[in-house]
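Q: Spelled out from the first residue to the last, the chains are:
2 protein chains.
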Amino acid sequence: MNPQLNFIFSRRSIRKFTQREIPEILLTDLLEAAMAAPSAVAKDPWHFIVLRNRASLDQLATILPNGKMLSGAAAALVVCGDLNQAHDQELSFLLQDLSAAVENILLAANALGLGACWLGIHPREERIAAVAQQFSLPENILPMAGIALGWPAQESPARTRYNPDCVHLEGW
Amino acid sequence: MNPQLNFIFSRRSIRKFTQREIPEILLTDLLEAAMAAPSAVAKDPWHFIVLRNRASLDQLATILPNGKMLSGAAAALVVCGDLNQAHDQELSFLLQDLSAAVENILLAANALGLGACWLGIHPREERIAAVAQQFSLPENILPMAGIALGWPAQESPARTRYNPDCVHLEGW
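First to last, the protein sequences are chains A and B.
Going by the working numbering, the first residue of the first sequence is number 166, and it counts up by one from there.
Going by the working numbering, the first residue of the second sequence is number 166, and it counts up by one from there.
It is worth saying that the hints were derived from the structure and are not from the lab.
Among these hints, one or two may not hold up.
All copies of an identical chain are treated as equivalent in the list; a pair is satisfied when it fits inside any one copy or across any two copies.
Lysine-lysine pairs mimicking DSBU-like chemistry, simulated, CA-CA at most 30 Å apart [to be verified]:
(1) K233 - K208
(2) K181 - K233
(3) K181 - K208
For reference, chain A alone in the conformation it holds in the complex:
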């Protein structure tokens, strides 16, 4: 693994956090990183809900099956998309744009010493409905993913899951 790319290899899903708060400036850093992602035809169809309120985090933890750690997280982001604003109103482009933004947030969090974990919402209908209700989302706003955030209370080594079977030279 090229050490120049350690900012990628050292990003791991972090599910255990200390009780320490996250300064607001770092959350802004994460949002600046998110909105530096490319988006199809630069439509930037994303929206971000910032959660620091304990009751909100606890409620989201009950909605997302793999999101129990939100109860111990200092903050969370819910990454949403506006289908009306996406390139040609295509769900595929929306998901691609939002996912690039999520990956930027995860890598930025890691670079700042924070831990983060991507929590799936879309395409699970029951999660979408519950999240939309919790945050009073307008009808055109689709929640795609949650991101748990906090100072890591676990260490995971840098790695890649590189698999040569997934690499095809010049064609299949």
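Assemble chain B onto chain A, guided by the hints.
A: Leaving out everything else, chain B in the frame of chain A:
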């Protein structure tokens, strides 16, 4: 913009390249970075076609409307997904997984001094069909995006497209 996150802010879409070749080791670096992305339930449903052959690059340039620069690119990656291998065979998860991998490639390329540009394939049916034919893709393999690669012949300043209207505190 926090300078610790410059590896994100300095990534810009690069569409003009020099004639210089890309050493194979750097392409491997990009693939290691790609496969360090998170994927839903760690299904890693991705496949990557590596293009260095001039005729292949030229042919792909004719297929992708925004991919004319492939004719001047030293290499390209075509990022594909196996719907059968995706979590619950859900297209949404597949697109999210592949997009995180694409963003890793773009950031890794930038960190290595390369230029890169994300070229949309999915959900455009005519592009999917033409790419599947060019590379003899099996029926379950869906091409999502191309990535043009080369040494940059243009400079673009670091930036974010941060928009405070896209940030919502605790709810909509």
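Q: Using 30 Å as the alpha carbon limit, work out where K181 and K233 are close: within a copy, between copies, both or neither.
A: within (10 Å within a copy, 46 Å between copies)
Q: I want to check one pair: K233 and K208. Are their C-alpha atoms no more than 30 Å apart within a copy, between two copies, both, or neither?
A: Between copies, since 21 Å is at most 30 Å while 33 Å is not.
Q: Evaluate K181 and K208 at a C-alpha cut-off of 30 Å and name the case that applies: within, between, both or neither.
A: between (35 Å within a copy, 22 Å between copies)
Hint check: no violations occur; every hint is consistent with the structure.
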